[in-house]
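S.K.: Note that the protein sequences, when read in sequence, are chains A, B and C. Following the working numbering, the numbering of the first sequence begins with 4 at its first residue and continues without gaps. Following the working numbering, the numbering of the second sequence begins with 4 at its first residue and continues without gaps. Following the working numbering, the numbering of the third sequence begins with 4 at its first residue and continues without gaps.
Derived from the structure by calculation, the hints contain no laboratory data. Every residue, glycine too, gets a C-beta built ideally from N, C-alpha and C. Any given hint could turn out to be false.
[Claimed, not checked] Quick list of in silico lysine-lysine cross-link-like pairs, PhoX-like style, CA-CA up to 20 angstroms:
1) K172/A <-> K223/A
2) K27/B <-> K42/A
3) K270/C <-> K185/C
4) K42/C <-> K27/A
5) K270/B <-> K185/B
6) K270/A <-> K185/A
7) K42/C <-> K5/C
8) K42/B <-> K27/C
9) K42/B <-> K5/B
[As the list claims (entries may be wrong)] A few chain B positions that, by computed beta-carbon distances, are all more than 10 angstroms from chain A:
10) A130
11) G232
12) Q242
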Amino acid sequence: MKHVLNLHSLPDSVWDVLIGEALKHAENRAYRSNQHPGKHMGLVFFNDSLRTRVSMELAVAALGATPVTVTPGSGTWGFAWEKGRPMLGGEAEHIQEAVGVLSRYVDALGVRLFASGTDRDQDREDALLQQFAAASAVPVLNLESASRHPCQALADAAVLTRHFDGHAKRKKFVLSWTNHPKALPMAVPNSTLLMAARLGMDVTVARPDGFELESDVMEKAAELASSSGGRVQESNDLQAAVLGAQVIYAKSWGAVRRYEHPEAEAKMRQSHRDWRITESHMHAGDNAQFMHCLPVRRGVVVDDAVLDGSQTLHLDQAEFRLHGQKALLDWMWEGKG
Amino acid sequence: MKHVLNLHSLPDSVWDVLIGEALKHAENRAYRSNQHPGKHMGLVFFNDSLRTRVSMELAVAALGATPVTVTPGSGTWGFAWEKGRPMLGGEAEHIQEAVGVLSRYVDALGVRLFASGTDRDQDREDALLQQFAAASAVPVLNLESASRHPCQALADAAVLTRHFDGHAKRKKFVLSWTNHPKALPMAVPNSTLLMAARLGMDVTVARPDGFELESDVMEKAAELASSSGGRVQESNDLQAAVLGAQVIYAKSWGAVRRYEHPEAEAKMRQSHRDWRITESHMHAGDNAQFMHCLPVRRGVVVDDAVLDGSQTLHLDQAEFRLHGQKALLDWMWEGKG
Amino acid sequence: MKHVLNLHSLPDSVWDVLIGEALKHAENRAYRSNQHPGKHMGLVFFNDSLRTRVSMELAVAALGATPVTVTPGSGTWGFAWEKGRPMLGGEAEHIQEAVGVLSRYVDALGVRLFASGTDRDQDREDALLQQFAAASAVPVLNLESASRHPCQALADAAVLTRHFDGHAKRKKFVLSWTNHPKALPMAVPNSTLLMAARLGMDVTVARPDGFELESDVMEKAAELASSSGGRVQESNDLQAAVLGAQVIYAKSWGAVRRYEHPEAEAKMRQSHRDWRITESHMHAGDNAQFMHCLPVRRGVVVDDAVLDGSQTLHLDQAEFRLHGQKALLDWMWEGKG
Numbered sequence: 004m005k006h007v008l009n010l011h012s013l014p015d016s017v018w019d020v021l022i023g024e025a026l027k028h029a030e031n032r033a034y035r036s037n038q039h040p041g042k043h044m045g046l047v048f049f050n051d052s053l054r055t056r057v058s059m060e061l062a063v064a065a066l067g068a069t070p071v072t073v074t075p076g077s078g079t080w081g082f083a084w085e086k087g088r089p090m091l092g093g094e095a096e097h098i099q100e101a102v103g104v105l106s107r108y109v110d111a112l113g114v115r116l117f118a119s120g121t122d123r124d125q126d127r128e129d130a131l132l133q134q135f136a137a138a139s140a141v142p143v144l145n146l147e148s149a150s151r152h153p154c155q156a157l158a159d160a161a162v163l164t165r166h167f168d169g170h171a172k173r174k175k176f177v178l179s180w181t182n183h184p185k186a187l188p189m190a191v192p193n194s195t196l197l198m199a200a201r202l203g204m205d206v207t208v209a210r211p212d213g214f215e216l217e218s219d220v221m222e223k224a225a226e227l228a229s230s231s232g233g234r235v236q237e238s239n240d241l242q243a244a245v246l247g248a249q250v251i252y253a254k255s256w257g258a259v260r261r262y263e264h265p266e267a268e269a270k271m272r273q274s275h276r277d278w279r280i281t282e283s284h285m286h287a288g289d290n291a292q293f294m295h296c297l298p299v300r301r302g303v304v305v306d307d308a309v310l311d312g313s314q315t316l317h318l319d320q321a322e323f324r325l326h327g328q329k330a331l332l333d334w335m336w337e338g339k340g
Numbered sequence: 004m005k006h007v008l009n010l011h012s013l014p015d016s017v018w019d020v021l022i023g024e025a026l027k028h029a030e031n032r033a034y035r036s037n038q039h040p041g042k043h044m045g046l047v048f049f050n051d052s053l054r055t056r057v058s059m060e061l062a063v064a065a066l067g068a069t070p071v072t073v074t075p076g077s078g079t080w081g082f083a084w085e086k087g088r089p090m091l092g093g094e095a096e097h098i099q100e101a102v103g104v105l106s107r108y109v110d111a112l113g114v115r116l117f118a119s120g121t122d123r124d125q126d127r128e129d130a131l132l133q134q135f136a137a138a139s140a141v142p143v144l145n146l147e148s149a150s151r152h153p154c155q156a157l158a159d160a161a162v163l164t165r166h167f168d169g170h171a172k173r174k175k176f177v178l179s180w181t182n183h184p185k186a187l188p189m190a191v192p193n194s195t196l197l198m199a200a201r202l203g204m205d206v207t208v209a210r211p212d213g214f215e216l217e218s219d220v221m222e223k224a225a226e227l228a229s230s231s232g233g234r235v236q237e238s239n240d241l242q243a244a245v246l247g248a249q250v251i252y253a254k255s256w257g258a259v260r261r262y263e264h265p266e267a268e269a270k271m272r273q274s275h276r277d278w279r280i281t282e283s284h285m286h287a288g289d290n291a292q293f294m295h296c297l298p299v300r301r302g303v304v305v306d307d308a309v310l311d312g313s314q315t316l317h318l319d320q321a322e323f324r325l326h327g328q329k330a331l332l333d334w335m336w337e338g339k340g
Numbered sequence: 004m005k006h007v008l009n010l011h012s013l014p015d016s017v018w019d020v021l022i023g024e025a026l027k028h029a030e031n032r033a034y035r036s037n038q039h040p041g042k043h044m045g046l047v048f049f050n051d052s053l054r055t056r057v058s059m060e061l062a063v064a065a066l067g068a069t070p071v072t073v074t075p076g077s078g079t080w081g082f083a084w085e086k087g088r089p090m091l092g093g094e095a096e097h098i099q100e101a102v103g104v105l106s107r108y109v110d111a112l113g114v115r116l117f118a119s120g121t122d123r124d125q126d127r128e129d130a131l132l133q134q135f136a137a138a139s140a141v142p143v144l145n146l147e148s149a150s151r152h153p154c155q156a157l158a159d160a161a162v163l164t165r166h167f168d169g170h171a172k173r174k175k176f177v178l179s180w181t182n183h184p185k186a187l188p189m190a191v192p193n194s195t196l197l198m199a200a201r202l203g204m205d206v207t208v209a210r211p212d213g214f215e216l217e218s219d220v221m222e223k224a225a226e227l228a229s230s231s232g233g234r235v236q237e238s239n240d241l242q243a244a245v246l247g248a249q250v251i252y253a254k255s256w257g258a259v260r261r262y263e264h265p266e267a268e269a270k271m272r273q274s275h276r277d278w279r280i281t282e283s284h285m286h287a288g289d290n291a292q293f294m295h296c297l298p299v300r301r302g303v304v305v306d307d308a309v310l311d312g313s314q315t316l317h318l319d320q321a322e323f324r325l326h327g328q329k330a331l332l333d334w335m336w337e338g339k340g
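So here's chain A without its partners, still in its complex pose:
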């Protein structure tokens, strides 16, 4: 079944088609509209969303299909996930039935299911997403899980492809950790890194010591870079990293220490409040563009002047969610590519 739980396991041929199709959707809003009349898509949001829900509902509708959104715990009961234990708690339905039932109504399921922040193995392996997909009789599209955000990565890849006019290879891309009041999940940094590596960019992951990404992700990125002719390196010096950068992609995430020592992690983050992208970082680049997946905390992650300036792609990234998701749905339902 054509689940899309991450992008890195899609073959290059599909990856290329998806980017190409996203760009066509961006150029022409009517492109492939109403190609899937009578199809239904279920969108299950275990976590809050703005861009994702709005762009998914509109992508589905633009293709002529019907979206239906489910928010567990709001208008419907919560779901139990554990297996083999009598359900005597607050959850009235098991995810096995919930997904089984939805599968009978729809032609694809999208699901947003963030990291627990408390179970590192479960988060790293996207165990809940895997369980959800296993219960589904229809293709599942990951709308941000514990460790991956393929829709964001596809949107970003298409934005970069357009920005560099198809020549993103070897362009200097800095994925910079930033300050944030909370220990955020790693889905976006993971997927961003893998995306940029796959595009063959010259990637630097800039982060304070202790904020390394998971090693399996770094290894996968190195592997993709080696195939694509790109490069992946790390730096704990933001000032040095941004020199000559063509893209500065800001994103905060929690240190892996949070799983065992959340208070120690909070303290670590406190001491790096200067990791905030400013105009001076931007000027140190080479006509650098700012990127962020949003939502973004102004004055914490990045200065207002950067977001309000002209050297930023953040709204394009949001817009391309719509275009990329149309391409993904089309591929899931029709096998283009």
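Following the hints, complete the assembly by docking chains B and C onto the known chain A.
M.R.: Showing chains B and C alone in chain A's frame:
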């Protein structure tokens, strides 16, 4: 006006058409699609829902109409129901205006309005549903009220008709009370019993003493059975009841004692925790199928092995909600049958 | 850009077209249906809604477009509004990005954003609505702001035009303050007054001393009346005001004192509980019709007998929300008129 507040008051000719149409929708997803362009349907959920909301929104859309869902108290204020009393409380709008207004926008209203659990007469007579329908200028479809769940009953009737290839008559159907942490309402057991009796099945209501259904429902079931050539009996012995059963339909409900003595009722339920459907009950049947309206508590109402086995119709029942509701809407809007 | 933040700044030619179109939509439900296929509309509700959300979703769908509803704080995070301050609080996204992003997905944005009740200048100037509109790259439709409710005013104008068969001019219109347990915002009374003045009606604002509307609104109303041949006066005597009235439009609002002395204001209101429209007020009129924008508190704002009688337009007003909004969207998207 063609309100559908229960199924038992529909004439046999309509009942037959609805089941027949539901089966056609199940066979061919495009059947009668887009037959009602420009129609609008309001769906009002005073209580949580998964299957009902999703399948109603999709049924309406598949017919070419537009659904709009309202959840009183979430995104809109709560509604007052009492008449003739100055509205000085938390509710900003009276149900009279709320329904009156919605009636002006839509061509039918669906409403979910569970039992109070505290006012037995009101629940038994579906008094709030009647009030809602009386305020409406358009047909009202009951999406589960205090004492009836016609959409579930129609889905189940069509599933049984398909399963027995049109020969459900005299097949042995056990409606079994089960263990549950809460005193649930009686809408589903009531409607299930009336449905099976109308199909002419050989029905046993298995329940511990004290968990009898309301006497007016038992009488109505006997009447339907007498017309259809079926039979209705009761048993307080689950083991004996399931012998030779072709269908075991599990469902928990609260004892009527809950209205006056909720704590005594909870204690009564505690002493019947062994009323949980297991593989051994299933094996005692005659190639028995398990049924449940969902949501279901695994390990409490039924064992995982039954739900995960091959002798169960629970996902078909959920699926047929969609098919049956298309048939109902079509009939409400077009008078087929 | 064709924002519709209020009605009074639309030229007379547009105003006339909108009323005329609303009446056509009321006569023929299929009028101009499916004129805007492929268009998307975002509906952002910072406050509760029944009529507005339902009628907007259906208006958009009837025109062939796709609505998508966002409820900040429910399913999505809350938004920050302050500028130039590091976002360290509970809000994860700034309204600047939220609106900027939505603008990329849709062809118009509707927004409901009630009065703060605490910042009089902000409320009077609709400062938050202005900020929202400034952040938007697409036309913004006001779905009730701190100080205006143009969709209600358009609906009411069309209802009055129909009721008086096009001859509303010089008909006696009483906008009457009423009792209410809370200090409500002024958007509806402001817009109602301006609407009736523009129709050239003979308007009396009846309210207890201390419940005057804001002076800028009274001045604007006088100006509109002077152009339209109408009249605007005030009265603190409800009994006298309703004599000979052809329309009694009930609505409660808070005294401006609430901004500085909320407790004193509550006490003021307490002493005017007899400002409740009764049948005797209606009989004092000249075949008077009751009007109210809803939701309405029965027995507090108006007696049940008036709402349940035949001399009331309140459900027509609600219905015309749908018709008027179709006209507004059509005009925003196509420039009719």
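S.K.: Which of the numbered hints above does this structure break?
M.R.: none
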